[in-house]
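As a plain string of letters, each chain reads:
Protein chains: 2
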Amino acid sequence: MDIQQYMTTIGVQAREASRHIARADTRAKNNALNTLANAIRRDSSALLEANQRDLESARAAGLESAMIDRLTLTEKSVAAMADGVDQVATLPDPVGEITDLKFRPSGIQVGRMRVPLGVIGIIYEARPNVTADAAALCLKSGNAAILRGGSEAIHCNRAIAALVQEALAAVGLPPHAVQVVDTTDRAAVGQLITMREYVDVIVPRGGKGLIARLLAESRVPMIQHLDGNCHVYLDDEADTAMSVRIVENAKTQRYGTCNTTESLLVARSRAAELLPPVAAMLAGKGVEIRGCAETREWAKSAVPASEEDFATEFLAPVISVKVVAGLDEAIAHINRYGSHHTDTIVTENYSKALRFLREVDSASVMVNASTRFADGFEYGLGAEIGISTDKIHARGPVGLEGLTSQKWVVLGTGQVRQ
Amino acid sequence: MDIQQYMTTIGVQAREASRHIARADTRAKNNALNTLANAIRRDSSALLEANQRDLESARAAGLESAMIDRLTLTEKSVAAMADGVDQVATLPDPVGEITDLKFRPSGIQVGRMRVPLGVIGIIYEARPNVTADAAALCLKSGNAAILRGGSEAIHCNRAIAALVQEALAAVGLPPHAVQVVDTTDRAAVGQLITMREYVDVIVPRGGKGLIARLLAESRVPMIQHLDGNCHVYLDDEADTAMSVRIVENAKTQRYGTCNTTESLLVARSRAAELLPPVAAMLAGKGVEIRGCAETREWAKSAVPASEEDFATEFLAPVISVKVVAGLDEAIAHINRYGSHHTDTIVTENYSKALRFLREVDSASVMVNASTRFADGFEYGLGAEIGISTDKIHARGPVGLEGLTSQKWVVLGTGQVRQ
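These protein sequence lines map, in sequence, to chains X and V. So for the first sequence, the numbering used here puts the first residue at 1; every next one is plus one. So for the second sequence, the numbering used here puts the first residue at 1001; every next one is plus one.
Think of the hints as simulated: they come from the structure by calculation, not from any bench. Careful, some of the hints might be misleading.
To be verified - Below, a sample of chain V positions facing chain X; criterion: calculated Cβ distance under 10 angstroms:
#1 1207
#2 1239
#3 1249
#4 1285
#5 1287
#6 1360
#7 1415
As the list claims (entries may be wrong) - Far from chain X by the CB rule (all over 12 angstroms, computed), these chain V residues:
#8 1084
#9 1236
#10 1296
#11 1303
#12 1366
Beta carbons are placed, not taken as given, at the ideal position from N, Cα and C, and that holds for glycine.
Okay, chain X solo, but in the shape it has when bound:
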């Protein structure tokens, strides 16, 4: 197979389909989504069989168990996949929304209209549910999608792609509006991230290594999501019970998510009071504490933290802990060692809460809430295609709106410029 030619064909088809899907009405898009959800339910066992084939190859290839977990579909997860697609149909359609129409002194009325980005390339690991999920979000936001999932999920992705194209055709929308790259050749990714003519934005979903590599080579704008090294800062006016509760939830509710807290900062004046109960709670949950020298005075179970530990996303029952002089040092530490993802302060002090919100340079900044809330569903976006740690275009959880941009509309009655 000539990969360059294959990807160009996909690109041309996507661009052409994007013009149709961009002007599809809400009803047609929702019909396609409901049809897809029903087709997923109908073909549940066929999807599980395709998944079985993928799993056999993956086991034969000796894939590690975490990857096998992500690759595995069950009856329950297939049902959840279908429900997720139906749920996207219930979200408001962002396309065509006109806002801020205002008259100008010249007599023209100027506003903005929300429009799809065009063609979105999504690159992800071997997680079949992402195929349905990403297809649904792109479709609802009026974009054409080119999906490139991990090659270990190829059979399953192919089967889901067939259902998506069946659903599009059933409601009269162009089947090329959602295409799955049907080759395991890695060169396809290299093509996808450099086809500026055919792809408007790349959304990478997956590990830090994958994204860093794509970022280095991409010629297409990217809604990037690097690591989530999130912080909780316990201020000197923090409530003790709330501190323990928020650290517990932020660190231990789930270890593998990007909004999990990886580093704890504690104001010096309260270290003696706050660290013992926090350390006891963490120890009770089996979380290893890697602490600075002062931390280790109050948390006896802690081992010494290295400089590197403060810059690490553990994704495991490990937390780095540092005692800081106060708010200034906390903010400086977070802006230096953090990953600009999500950080929270626990405090009862109004001015310090405001300063933390303003000065911490992260996609989500919080007061008295667990970092685990940084999520499209929790924020009310309905769904998310990813969490951006970038500053351009979209920051933090990216929902349907993040897959659109705004153009200017001018309504005149014959005005000309003076």
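Starting from the known structure of chain X, arrange chain V on it as the hints suggest.
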């Protein structure tokens, strides 16, 4: 001079200064702007002398007259530069604005806060007024700026940079918040557009050639502005007098601007009626018409248009004209040959006006108004740093808001995720 080391130093300084300028209050930023405006007025003759030195070298180097024009400062243009800076001070400060704070079922309140992008690199031709203008916009939006103007304006840019830094220092803001790249070595640009660690976005202002070259090499996101191949479409329900008035203004008010109309489309059913008066008006203004065969039946002075003419930004008294079957062909033509900048329809028909607004894929889409309105001042942005023909982040005229992004803020009272 070691350019890599020099640019890295500038980058490190800009990043450091960006943290301070990001949290500067509105009063300090406005004070700095008014101080700068007054310093420009005070040193008007010194600036004119520096400009004289640039002009002498430029003439000796045989620079073409259009470039000499853009390089030339006069007492009037220096005064306008100062007024422009004062005017930026009067604009609302976008930084810190919190919008859409809403309670979620979990009890947290979620909203967005507008924040600076960080460090903005601006690359422009030898136009000294851009130095003051870009410095003012970056400063007001809380960003640090690295300015790289055309080397022919180096003396003048250096003089303006000194005034900017004086003004920053006078109000206690970090002088490195605005730095001018003080070398004419082109390698500096290559560094600037690849220093991802220190530069958050590049704004190129200048010719198509410059931008295409930067785009090919940049590793930093860019608010790009390629060409402006703008269209007027005279629909079969267009008012005749309005058609002539809008084409006249859109094509002939100024020939060299990016929002000038370069191509005219006319509905076939009205060609016999609309083309003669439009052609007569254009002929009277000395505008050359390059038309399709049908156009030439009704506009006898027209010469044949080539395929290439329809894709060309003339920036001159030349217009391409094509007779089309109707709205569908007009939209398809604009989306194919246009540059996604600004396009307008003249029509009295409601449904066709709506379809044009929705389906033309351009940064600005208009009904019954001149394309010349596509401008930050006319749109009410107060000022513009450029006009984006890109879709990501900012589209169309980019004002202060386009130099910011939004982060999420979460206000809790101790909530944890279930």
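**OP:** Compare the structure with the hints numbered earlier in the document and write down the numbers of the violated ones, lowest to highest.
**Re:** As far as the earlier hints go, 1, 4, 5 and 12 are violated by this structure, in ascending order.
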